[in-house]
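Residues per chain are reported as follows:
Number of protein chains: 2
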Amino acid sequence: MIVYYNGQYLEKERVAISPDDRGFLFADGVYEVLRSYQGHLFRCAEHLKRLEFGLEELRMEGCRVKELGPVMYQLLHTNNLAQPDATVYVQVTRGSAPRNHRFPPRGTAPTVYAEAKAFTPPTQLQERGISAIVVADQRWARCDIKTVGLLAHTLACQRAEEAGAFEAIFSRDGVLLEGTRASILFVKDGNLVCPPLTNYVLPSVTRTVVLDVAAAEGIAANVRPCFEPELASFDEILMVGTTAEIIPIVSVGGVSIGNGQPGRLTRRLQTAFRKVVAAERAASSRAYGSGV
Amino acid sequence: MIVYYNGQYLEKERVAISPDDRGFLFADGVYEVLRSYQGHLFRCAEHLKRLEFGLEELRMEGCRVKELGPVMYQLLHTNNLAQPDATVYVQVTRGSAPRNHRFPPRGTAPTVYAEAKAFTPPTQLQERGISAIVVADQRWARCDIKTVGLLAHTLACQRAEEAGAFEAIFSRDGVLLEGTRASILFVKDGNLVCPPLTNYVLPSVTRTVVLDVAAAEGIAANVRPCFEPELASFDEILMVGTTAEIIPIVSVGGVSIGNGQPGRLTRRLQTAFRKVVAAERAASSRAYGSGV
Numbered sequence: 001m002i003v004y005y006n007g008q009y010l011e012k013e014r015v016a017i018s019p020d021d022r023g024f025l026f027a028d029g030v031y032e033v034l035r036s037y038q039g040h041l042f043r044c045a046e047h048l049k050r051l052e053f054g055l056e057e058l059r060m061e062g063c064r065v066k067e068l069g070p071v072m073y074q075l076l077h078t079n080n081l082a083q084p085d086a087t088v089y090v091q092v093t094r095g096s097a098p099r100n101h102r103f104p105p106r107g108t109a110p111t112v113y114a115e116a117k118a119f120t121p122p123t124q125l126q127e128r129g130i131s132a133i134v135v136a137d138q139r140w141a142r143c144d145i146k147t148v149g150l151l152a153h154t155l156a157c158q159r160a161e162e163a164g165a166f167e168a169i170f171s172r173d174g175v176l177l178e179g180t181r182a183s184i185l186f187v188k189d190g191n192l193v194c195p196p197l198t199n200y201v202l203p204s205v206t207r208t209v210v211l212d213v214a215a216a217e218g219i220a221a222n223v224r225p226c227f228e229p230e231l232a233s234f235d236e237i238l239m240v241g242t243t244a245e246i247i248p249i250v251s252v253g254g255v256s257i258g259n260g261q262p263g264r265l266t267r268r269l270q271t272a273f274r275k276v277v278a279a280e281r282a283a284s285s286r287a288y289g290s291g292v
Numbered sequence: 293m294i295v296y297y298n299g300q301y302l303e304k305e306r307v308a309i310s311p312d313d314r315g316f317l318f319a320d321g322v323y324e325v326l327r328s329y330q331g332h333l334f335r336c337a338e339h340l341k342r343l344e345f346g347l348e349e350l351r352m353e354g355c356r357v358k359e360l361g362p363v364m365y366q367l368l369h370t371n372n373l374a375q376p377d378a379t380v381y382v383q384v385t386r387g388s389a390p391r392n393h394r395f396p397p398r399g400t401a402p403t404v405y406a407e408a409k410a411f412t413p414p415t416q417l418q419e420r421g422i423s424a425i426v427v428a429d430q431r432w433a434r435c436d437i438k439t440v441g442l443l444a445h446t447l448a449c450q451r452a453e454e455a456g457a458f459e460a461i462f463s464r465d466g467v468l469l470e471g472t473r474a475s476i477l478f479v480k481d482g483n484l485v486c487p488p489l490t491n492y493v494l495p496s497v498t499r500t501v502v503l504d505v506a507a508a509e510g511i512a513a514n515v516r517p518c519f520e521p522e523l524a525s526f527d528e529i530l531m532v533g534t535t536a537e538i539i540p541i542v543s544v545g546g547v548s549i550g551n552g553q554p555g556r557l558t559r560r561l562q563t564a565f566r567k568v569v570a571a572e573r574a575a576s577s578r579a580y581g582s583g584v
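If you read the sequences in order, they're chains A and B.
Per our numbering, the very first residue in the first sequence carries number 1; after that it's consecutive.
Per our numbering, the very first residue in the second sequence carries number 293; after that it's consecutive.
Hints were generated in silico from the structure; no laboratory data involved.
Each hint should be verified, as a subset may be incorrect.
Derived Cβ-Cβ restraints for the label pairs, each shown as a range [what the hints assert, rightly or not]:
(1) A/188 - B/394: 49 to 57 Å
(2) B/361 - A/261: 56 to 64 Å
(3) A/190 - B/394: 28 to 36 Å
(4) B/400 - A/227: 32 to 40 Å
(5) A/261 - B/521: 54 to 62 Å
(6) B/415 - A/62: 32 to 40 Å
(7) A/12 - B/372: 31 to 39 Å
(8) A/12 - B/293: 25 to 33 Å
(9) A/12 - B/522: 47 to 55 Å
Computed from a predicted structure; not experimentally measured.
Cβ coordinates follow ideal geometry from the N, Cα and C atoms, glycine included.
Could you build all of it, start to finish, from the sequences and the hints given here?
Okay, here's the thing in structure tokens:
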């Protein structure tokens, strides 16, 4: 696999992250995961905008975010991923410097790493739905930034796995926030119910697409806090994210949601979402040829 | 510099952390910093016990913690640090595996990295005292584990630096917890006042030593929540930690503590602390020769 590392394209085995890298020592970094559909990076600009937001909030300097788009397309091209389903992972840290909690000297170059790999869409999960559990949110107070500080996420995700579930939904003081790897949306009485985008929720690129799609379909969206005791009263629950796309959550903590089957509104949104992806893929193809 | 990396001693430049390392991707790791006094690692067993606690809480397997003591002494020896003041840093992550929030397959080897380097004790700061600021605690809910998820710490420490202060004290809901790199103890009416060891406070090795020293000196210690509005009413404040040892905090947020000079009780504890260090250093020397 050819990856990108600090301006170079090289074999992944040749990448040597320094033990002084602030990503390794301090979780001092941000990342993005993008989905490539036949060589088209879906909502690439939105992902890079979110990356830039994180860099700005954390005051990380020196990463030329605009150059990352071409880098990611180059990775797809070089690794023969212009046709297969694929994902691109990109991570930027505050660079490598002698260990010190304070920021390193100005001018310290950030570490920029990116890789592309083939991806198998979770078609069966999208079709049949998944089960989830609720876990107490132990994360820090800036979940609106997509940092690599993901230990609470991994612990929650592992708990879900061991409970026979696919996803864990973070609940803070009884308020349902998001999953460990995706946003969560609820359906009640034919409307979408969406947790507000607070500092405890990542502004999900896919969620925005789904809300736009819902609006175009005439489905109303009500943004309001969603409480844990309400769970069983929702008609449908959706896990929405870059790799998940839209996966129905058909049970939470062993309790069926709705009739325990993927719901009607979920199906409509899945169909509409696929149309948006296909349309953007086609538009990009017309504009740029193969897209890669 | 010769460092330790996954069973080998090698030049630091030759260490190649994988971009798939869970320390780099997920902050999925723990660490310790130890202080060497003329080749004696102070309270080595206690540091390793805390490391082991973290590994157990996070269910990280495969690290033979008992072997790390000899590794650290070997690093001091190899790098000619048997006499100078030095520190040892050791970090253990859940190893390297294809990126997935869930734990990697059983048997995945942890990443173990350690380095020793010369250290200049903060003698002037211990003598004159430092100023601190109070920052809102944005950290996660398991601060009792010494993980590499230190982004909130680095942001707070940087804020302190930019405010002309040396340390930031985390306050959560108005309760004072600890510093970004050390524990905090307060003095009131001749007694020590100590924040309880909750999930928001690291069980500090140095704090335990200081409390033992205080008991031996006949100084009472009162463990109770300490509130932000109380700050100005404390007679003295101490920053206690492995590299800080005991540093007086003489002002917080621009407000003088006591008379704005290091206090009498701080001085007594500093003297008594140095005696403990010297005694343990001497005992180790008698038992093992040079200590390294």
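Evaluated hints:
Hint check: residue 188 of chain A to residue 394 of chain B, Cβ distance near 31 Å, so the stated range 49 to 57 Å is violated. Checked against the given bound of 56 to 64 Å, the beta carbons of residue 361 of chain B and residue 261 of chain A, roughly 57 Å apart, stay inside it. Distance hint check: the CB atoms of residue 190 of chain A and residue 394 of chain B are about 35 Å apart, consistent with the given range 28 to 36 Å. Taking 32 to 40 Å as the suggested C-beta distance range, the pair residue 400 of chain B and residue 227 of chain A conforms, at roughly 38 Å.
For residue 261 of chain A paired with residue 521 of chain B, a C-beta distance near 55 Å keeps the hint of 54 to 62 Å intact. Taken as a hint, the range 32 to 40 Å holds for the pair residue 415 of chain B and residue 62 of chain A, whose Cβ atoms sit roughly 35 Å apart. Checking the proposed 31 to 39 Å range against residue 12 of chain A and residue 372 of chain B shows it holds: the Cβ atoms sit about 36 Å from each other. At roughly 26 Å, the beta carbons of residue 12 of chain A and residue 293 of chain B sit within the given window of 25 to 33 Å.
For residue 12 of chain A paired with residue 522 of chain B, a C-beta distance near 54 Å keeps the hint of 47 to 55 Å intact.
When each numbered hint is compared with the structure, a violation occurs for hint 1 only.
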